[in-house]
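Protein chains: 2
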Amino acid sequence: MNHDSAPSATVTALRIRRTETLATLVRKELERMIVSGELKAGDRLNESALADRLGVSRGPIREACRGLEQSRLVEVVVNRGTFVRQISLQDALDIYDVRSALFGVAGEALARRITPSQLALLSDLVERMSRAADDIDAYYPLNVEYHAKLVEFSGNVRLMTTYRSLAQELHLFRRRGLVSEGSMAVSNREHRAILDALAKHDSARAGTLMREHILAGKKRLMNLVEAKAEAAPDPPRRRRRTAAGGSASA
Amino acid sequence: MNHDSAPSATVTALRIRRTETLATLVRKELERMIVSGELKAGDRLNESALADRLGVSRGPIREACRGLEQSRLVEVVVNRGTFVRQISLQDALDIYDVRSALFGVAGEALARRITPSQLALLSDLVERMSRAADDIDAYYPLNVEYHAKLVEFSGNVRLMTTYRSLAQELHLFRRRGLVSEGSMAVSNREHRAILDALAKHDSARAGTLMREHILAGKKRLMNLVEAKAEAAPDPPRRRRRTAAGGSASA
DNA sequence: GATCTGAAAACTGTTGACAGTTCTTCGGGC
DNA sequence: GCCCGAAGAACTGTCAACAGTTTTCAGATC
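Here the protein sequences come in this chain order: L and B. Note that my numbering has the first sequence beginning at 1, numbered continuously upward. Note that my numbering has the second sequence beginning at 1, numbered continuously upward.
There could be a bad hint or two in this list.
Because identical chains cannot be distinguished in the list, a pair is counted as satisfied if it fits within a single copy or across any two copies.
[To be verified] The calculated DSS-like cross-link candidates involving lysine-lysine, where the alpha carbons are at most 30 angstroms apart (straight line), are:
id	residue 1	residue 2
1	Lys219	Lys200
2	Lys228	Lys149
3	Lys28	Lys218
4	Lys200	Lys218
5	Lys40	Lys218
6	Lys218	Lys228
7	Lys228	Lys40
Hints were generated in silico from the structure; no laboratory data involved.
Kindly produce the complete structure, drawing on both the sequences and the hints.
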């Protein structure tokens, strides 16, 4: 009854249209723009301009912004607009602490239930990271995928969504370049150790290692920030015109 | 210039209006209705009806729903509406695991920075809970406040918001009565132990105790569910007409 | 009585317009 | 040169209406 073979572009469009509302599509597009850096922290989202650009009216745009507000990617100021959120170093460090705890639980759960095929997949990722150890552009996406898979395989849906949301928020960190730097070889050694604990179904050890892996990342970030601060002592941060300013965040 | 004394209702309304948009007010009202149980899991949110009832148009209602969707209190199905989410026992248990991890981090951080006045406040809450040990209606809100304060005092904003969101989601658990039951005396003994560790600034112990406190709550819930299941063996869950049904939750 | 069908009702998705607020700009005064 | 203020532009908040989809329900059919 159902011809699944190669749906035409229009059919695909219709199928999307049937399961996704414009607001959802807009939200995803904005998410992409924010995470990719196309929209920078502090930028305002001009509703009319976005509406024109995406070929929709302002309604769906506003709905999308409300969603983004709740997932903390933007901040809405009454009568002034919605701004891409700006998170401080302290915010970033706080997020690392939370992520570390979540990653730890993921490890404990995963060690109990991991399957051979999942192990193989993770092992493959570690292997590829090892080969890409001196090419950050190849390494980075593999690293992201490795972490995402570890959380996904834990089987705890709520854990996964929470973790993903935090990871996405970290993209807002203004000096994001820092996040991906850090010694890749050391990091991958930790990846191997995690894999080993998982293979042995050692729940406690996997949890500890995964918790510490994130905390090590936090440490690396702190060291980098300190180093940079010494090299170029605190450029006077120019006040943005946006009300979204200040990193106090309530 | 500014007469602060007893602002009239209209002034208050205007002041609110200046800092809160209708969508925000609607979202808060809907949140209240959901958490209070006025809107039950599975119920549909009729946009026109709500608009009439709250005296606004459908725009702000829709925006509010998008926010609620992102915080996982409702589920939106294209062309059919938004439904109050229904979470399964498994979902609830998953949430307990995540909460436990977050609560643990909160404990570690809090033990390092807790102030005498914060200790006094927490101690007072435990004392009052102890006196209310056989009156669940008095005990329950104190218990909620105690947990909230522990997280709030941790000083990690992101941790607080994440924790709060999960706690709110737990209200959706269909057999929510169960959550508040459980041996209050035992629970308060744990509260005292936590307080003790915090007073001694014993970070590791506070973290462990707080983690285990939530896991103990999870255990209590599981035992209760099992007990009830034996008493009244699994009533055939009637399929709701709503598409939101099924607890598989992707 | 149960089931199918199709029209009407109810509801969601989206849009364009209007009201009120904020931002910009351009003179004028010091 | 710098500050202040008012008019205009730009933008957000809200609404009412239209289009398309889902649900309901009365009547026909078996």
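Against which earlier hints does the structure fall short, listed by number upward?
Failing hint: just 2.
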